[in-house]
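Q: Top to bottom, those sequences are chains A and B. Under the working numbering, the first residue of the first sequence is numbered 1, with each subsequent residue one higher. Under the working numbering, the first residue of the second sequence is numbered 1001, with each subsequent residue one higher.
Rather than coming from a laboratory, the hints here were simulated on the basis of the structure. All of these numbers come straight from a predicted model, not from anything done at the bench. One or more of the hints may lead you astray.
Said to hold, decoys possible - Chain A side only, calculated, beta carbon under 8 Å to chain B, not exhaustive:
{"id": "1", "residue": "R22"}
{"id": "2", "residue": "C47"}
{"id": "3", "residue": "L87"}
{"id": "4", "residue": "R138"}
{"id": "5", "residue": "Y161"}
Stated by the list, open to error - Quick look at which bits of chain B chain A covers, simulated, 3 or more residues with Cβ under 8 Å:
{"id": "6", "stretch": "1022-1036"}
{"id": "7", "stretch": "1519-1533"}
{"id": "8", "stretch": "1572-1583"}
{"id": "9", "stretch": "1714-1728"}
{"id": "10", "stretch": "1776-1782"}
Don't be surprised by glycine CBs; every beta carbon is placed ideally from N, CA and C.
Take a look at the letters that make up each chain.
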Amino acid sequence: MAKSQITLTVNGKKEEALVEPRTLLIHFLREQLNLTGPHIGCETTHCGACTIDLNGMSVKSCTMFAVQANGADIVTIEGMAAADGTLHALQEGFREMHGLQCGFCTPGMIMRAHRLLQENPSPTEEEIRFGIAGNLCRCTGYQNIVKAIQYAAAKLGGVPYREAAE
Amino acid sequence: MNVATPNPTSAERAEKLQGLGCKRKRVEDVRFTQGKGNYVDDLKLPRMLYGDFVRSPHAHARIKSIDTSKAKAVPGVLAVLTAADLKPLGLHYMPTLAGDVAAVLAEEKVLFQNQEVAFIIAEDRYIAADAAELVEVEYEALPVVIDPFKAMAPDAPVLREDIKDKTDGAHGKRKHYNHIFEWQMGDREATDLAFRKADVTIKELISYQRVHPCPLETCQAVASFDKITSELTLWGTFQAPHVIRTVASLISKIPEHKIHVIAPDIGGGFGNKVGAYPGYICAIVASIVTGRPVKWVEDRIENLSTTAFARDYHMTTEIACTKDGKVTGLRVHTLADHGAFDACADPSKWPAGFFNIVTGSYDFPVAHVAVDGVYTNKAPGGVAYRCSFRVTEAAYCIERAMDIMAQKLGMDPAEFRMKNLIRREQFPYVSALGWEYDSGDYHTALQKALDTVGYRQLRAEQKAKREAFKRGETRELMGIGVIFFTEIVGAGPSRNCDILGIAMFDSAEIRIHPTGSVIARLGTKSQGQGHETTYAQIIATEIGLAADNIAIEEGNTDTAPYGLGTYGSRSTPVSGAATAMAARKIKAKAQMIAAHLLEVHDDDLEWDIDRFRVRGNPERFKTMTELAWAAYNNVPPGMEPGLEAVSYYDPPNMTYPFGAYICVADIDADTGVTKIRRFYALDDCGTRINPMIIEGQIHGGLTEAFGIAMGQEIHYDAEGNVTTASLMDYFLPTAVETPRWETDWTTTPSPHHPIGAKGVGESPNVGGVPCFANAVNDAFAFLGSTHIQMPHDNWRTWTVANKLGLHA
Ligand code: FES
Ligand code: FES
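The following block holds chain B by itself, in its conformation from the complex:
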């Protein structure tokens, strides 16, 4: 608690609030630990039907015919929808967030394996699955494009026939029928010049493989259309419920006030649950057609193979540098594999997200980045998997590249970073690619990390081990990964961030009841982040009412103010700010009421934890509880009664959390088995709202990063079959593999955020992945290896050792 506490009474009063900075236990856990959460699949409505998809076995094929007669004949089947049914309604395609369209049900062609072809509506989920087997689809297989580097070959198969002649895409000129966009930032000429003048340069293709967020609960929805009132209620796993309502209204033509979107408890999201999927649309149509509620629940294979992949970025990265280790330029060309439709969940004007954060934490005088997006015969997506719009790709790219350059210079990677980190006095810092970093104290953070882990001793140990390895005394290789990341979160300012034209503000509405209890409603949606706990802490500190008496409600579009939802670590930077601003409006009104009751001027009052007191006369005060009551019966003449406020917060800037991570890995050269001996994570997320929840977020994000770096991949074979679509083949770490995490922090508040908070949920994923990768790479660096592609599973690591001749 950072509130000054002159005497124990104040301390006790402050503690009772359970406000900012305390390790408040979570409100949500009371129901979750008793199995009383309310997740979408728990919903059971009278006469509810179930939907299930018929999916394509081919990655690319022409649909010659669809025969649904046998399926329709199954007792308990009410209807089977195909594109032919949706087309007259204009619903066989839906708009994506990226300005493209995506098929709801395939019309003439299928473009990826498991694409949705028909939708069965039946009395129960077993019957729906039975009937799906009986739909007969005749396909004519077509040649596939799986390798994104071959997508723009002159003779590549045409994938998107619906737009093949369109030379202009949503983001400018298209160079080829399988091209989506080209996006550039920075000064190309100045960068080229820096490279011509450089003493030392490196160039490497750094690929971030296709992965999937894979929350434990899959995507699901229940649609219920009331034919009498023409109103639609849609429950679903929505990270952004208001956006879903607007999209549903735009495409269904149902007026927005007649659509009620409800996101109940969500079993993890990580970006998977931002977009709109065919299952939602089909459930809505099915409910309109049948007049009954329809539930659609994705199974795990459908989840991994159709909704929302992430990454698939192939980054050709170059750094220019002086011989004494000062970076002078950065050049990155990225080939982005977007799959069959451009369904990236980025702010509309940012087809490659915030990839231009790729200069990272370093003072690059010039940089240039270009991104080409292409279509392939893979599932659409490109979501921000625990990430703020391609910042994970950017951080992986620059942190790997910095190591490669340090290696070429013969410099220690930590020392090389120290030399190039942006210095404290440079903030606010405008990067070569256009971002204004709000605040940072990078050197202090990295030094603290190095000192805490005993970096020098670790390097000495590694040196000794390498000698021993060369002498044949050990078969174990030791790798040390060091990274420093800067995130960009809190999208975002309306001047440059919107989704489908809606500015990316967020909102909070707070109502104080006469007894001093509170309800606050927000436009965001927790998927495990603990919003019911933390937003109440912000309000408690701002207005001096105990968090335990503050109810937080999210996810109901009828009651919550419009907001853009929870992803990109935007809840704290944007909605957290809105919450503080709304609370301050309430406090300002309460102050006037207090002045009225105490018969003094407003300015004669001062705030004291949970009350206004008369300056110089602390015995005369009114507590917020008293003021809440007075707001309903004794307000100053001319003032409206009541005590509530709403704030729509348009952030002036993004926030820039940062951190220094260090990983120590031990690798068996003969088996490739990699053990993470130690992982230390220092995070600076500005003001810390609830240290317990922050630590939990970091543990979780690091574990996801461990999964990605050490084994996750959504893999396609040459025919376009997805070979990693079940939990048998897609790596999710268990408690056994997962390392133990050491967490630490520094605190550099954001200067432009009302409470100085920056957001934290994604930092550990952003910093974690390159840290593991750098540790594995570092283990082999002394043998001349510069870059090993992820994921670093034991088999691949064994292969690397084998290629380096270690098994001779």
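For reference, chain A alone in the conformation it holds in the complex:
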């Protein structure tokens, strides 16, 4: 199949590549760029394991062709920690609040939470739950994911995190 040339920025780095027009963005990221952080849980846009940040939006990368990402600016989980290795507040929050178990949903969940906090820096529990409803987790029951996002929101907002009373 004839390939198309695409140019895009991924985690701050310019990438040029040849892709088949039918190659899904998630396969391109995982197999051509070796970014295996975004995962595949369904390939049908339901689970959110493949969520990345694309031009300032949360995108399920199994739902797009790589060619459609031509010119795009993409951030994946691999781009979240600082260059010196310091974890992002969300990465820290997920660990502190036990917001993950098998870890398979985590990269997508963190990327979605990242965009959510850009859109709404201090969301309520309801808003968080609604905001991550496109991302499924089979292990945690979400309660600690909510806390992890609250932890990060507090940290990014410069206020101390106080666990909501049970």
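With chain A fixed as given, assemble chain B with the ligands onto it according to the hints.
A: Coordinates of chain B with the ligands only, in the frame set by chain A:
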């Protein structure tokens, strides 16, 4: 921390260990939060090929011909395997864990929709999928058996032609060509007598629908066969890697030492990843045929429709009781739908798992249970979905039945349970169906649960609401679900538990390096349970070296001691015990070294958190770090140097975690919309290793229970089409529907486990499902309804309200 701390220094020392009982943050999370986990599909080997299946559109059909020529002509396709290719190798069928065989690729017939018919091997996954479309299979459709109650009809279609004349199955006589086994436990005559003498009896068909564990990562494998050394390396999503190695060796005839099975990080298992599937076998054969590594990755539809369903138990349940509410007998007949092949993942001698835990937490003097397994045109499986071998079915059955009886007696369901719970002084308690419950304090747990939620006030509120409903002032119904469950986990003692003849022990090997850091390897395999964190905590407390300096490794059959894997909540009860026992061997040797260094007798030493000190002279001591160093340069005369130990732990008994759960649901009678207002879960899992991880396990298990009770079903239409095979139709709760969980605990250690732990991962699923179901049923009970089948999605609940005349 329950270590005595006479002065702050000891407390600080103990805290530094991050041992038993502390909320240690997880080691695994450092890589997982950065997208650096190593899951099977992340693996990329040079010259790797991809495999994909051609699957049957029919539930039951004869294969008249298979034409692979067009598929083979696609550029990039290396080969197409069919049963004809596997048959000469004896690989077109594979043995199941339940003593049956299952087709790898269908030979003459297909027996369920999406059954594997051919396997494409191609340069990339897109080409493989293209080629799969081009394989032409001619089918002759046959009549199907979907309803298990019709499987044994005299004129039912013959499903398994390969065994239709076999009158003996793996578990005794077969009554019909679609019958698999009959299994009975208990005293039938005594039970019949109890029913004849009973003041009150109930009888109800309680069905637990077919569901699927649906971990977020599907099943997948990479096989790489080296033609020069004749060695096979198999990476895969395996909950039980050693068992996979043994099975692979038995069926491929490759010697076991030439097979290297590696289970890397696993994205959830919940029982889905215990068995062996055609994809694994085909990937292995494909690698042998092509001499290149072959990856097989299931998609979500394949996962939901072919690998490992759970439940599908139809339980006709009867309780006998005195009029003042004392149970006198239990009788259960279960019809078990096993699908096309008996591929249940149970210990070999237990075709219905531990279903005989069905007497639950109650003191039934007599009981009898019989289970008939049948074949139907559905996917094979019958795995323990977050469950210890049919205990979820048993708990659902008894907890529903107890409510139905309480309703008939006009007694409060909590009071009825209180009256019949096994009393503390009865432990160890031998149940009417043969189990010896290790320990329990049931009344204390249930009372704590009732007090915490304010049960009496809730019932008063419900009463007022019902009155208001009758007066037409509200359209909302309130239901309160109360359950008390007892689990049976930690399979299991070699006297009654094996898989394919291998006793269900488990293992741990611990090595202390000279600097006092540690590596421990185990026969289990975490799929999210956090083993790298918790096993290190057990070792830290046992031998006084900091958990942060203890590496835990699992999942590599070359390095880990043989173990039976992680499922049935067996890791803590079995491998956790092995870990403590291995650590104790190390500690015993360290004590001798300490005595040698301090020039005292072994008995003059006492253990103090992280050191041995001289009794009565605490200033003289040797820390474990010092002893680790000494083990490599200054051991007592005649002692071998080094400090390591291995333990294969054969548990003397199962462990019996228990709990009391309470759920409050509000249901809109006009829409069926059901809101879970409150869910309280009290668990007693014995000694608590890491409360943070326990709480996480309970949240997760409750959420899976919520999914099952409130919406999950693998459904087949009359033609055998599976109608719920994508995440569009199969309910997985999102953060929006999922209730908020309240957790609580009591602690009743297991008397026979080295650290008193019982296991917890599955309890919330076992207790959760009946608790939701009881809440929904309770909402309608005052209208005369006794039992509503799961799942309780809004549509079904609306239908119930409609049938009860609430929409007139
Ligand atoms: S893999 Fe993209 S949403 Fe599931
Ligand atoms: S942590 Fe396993 S799916 Fe979310």
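Q: If a hint holds in the structure, say so; if it doesn't, say that too.
A: Hint check results:
Because the closest C-beta pair between R22 (chain A) and chain B is about 7 Å apart, less than 8 Å, the hint holds. Look at C47 (chain A): its Cβ gets to within about 6 Å of chain B, closer than 8 Å, so that hint holds up. Evaluation of the L87 (chain A) hint against chain B yields a held restraint, the C-beta minimum of about 7 Å falling below 8 Å. For R138 (chain A), the shortest C-beta to C-beta distance to chain B is roughly 5 Å, which falls under 8 Å, so the interface hint holds.
Restraint check, Y161 (chain A) versus chain B: the minimum CB separation of about 15 Å is more than 8 Å; hint violated. As drawn, the stretch 1022-1036 of chain B meets chain A at 11 residues by the rule of a beta-carbon pair under 8 Å; at three or more, the given contact holds. Interface restraint, the stretch 1519-1533 of chain B with chain A: holds (4 residues with C-beta to C-beta distance below 8 Å; minimum three). Chain A is given as covering the stretch 1572-1583 of chain B, and this is violated because 0 residues of the stretch bring a CB closer than 8 Å to a CB of that chain, at least three being needed.
Note: the stretch 1714-1728 of chain B has 3 residues with beta-carbon separation from chain A under 8 Å; the three-residue rule is met and the coverage holds. Counting residues of the stretch 1776-1782 of chain B whose beta carbon lies closer than 8 Å to any beta carbon of chain A gives 0, which falls short of the minimum of three for the stated coverage.
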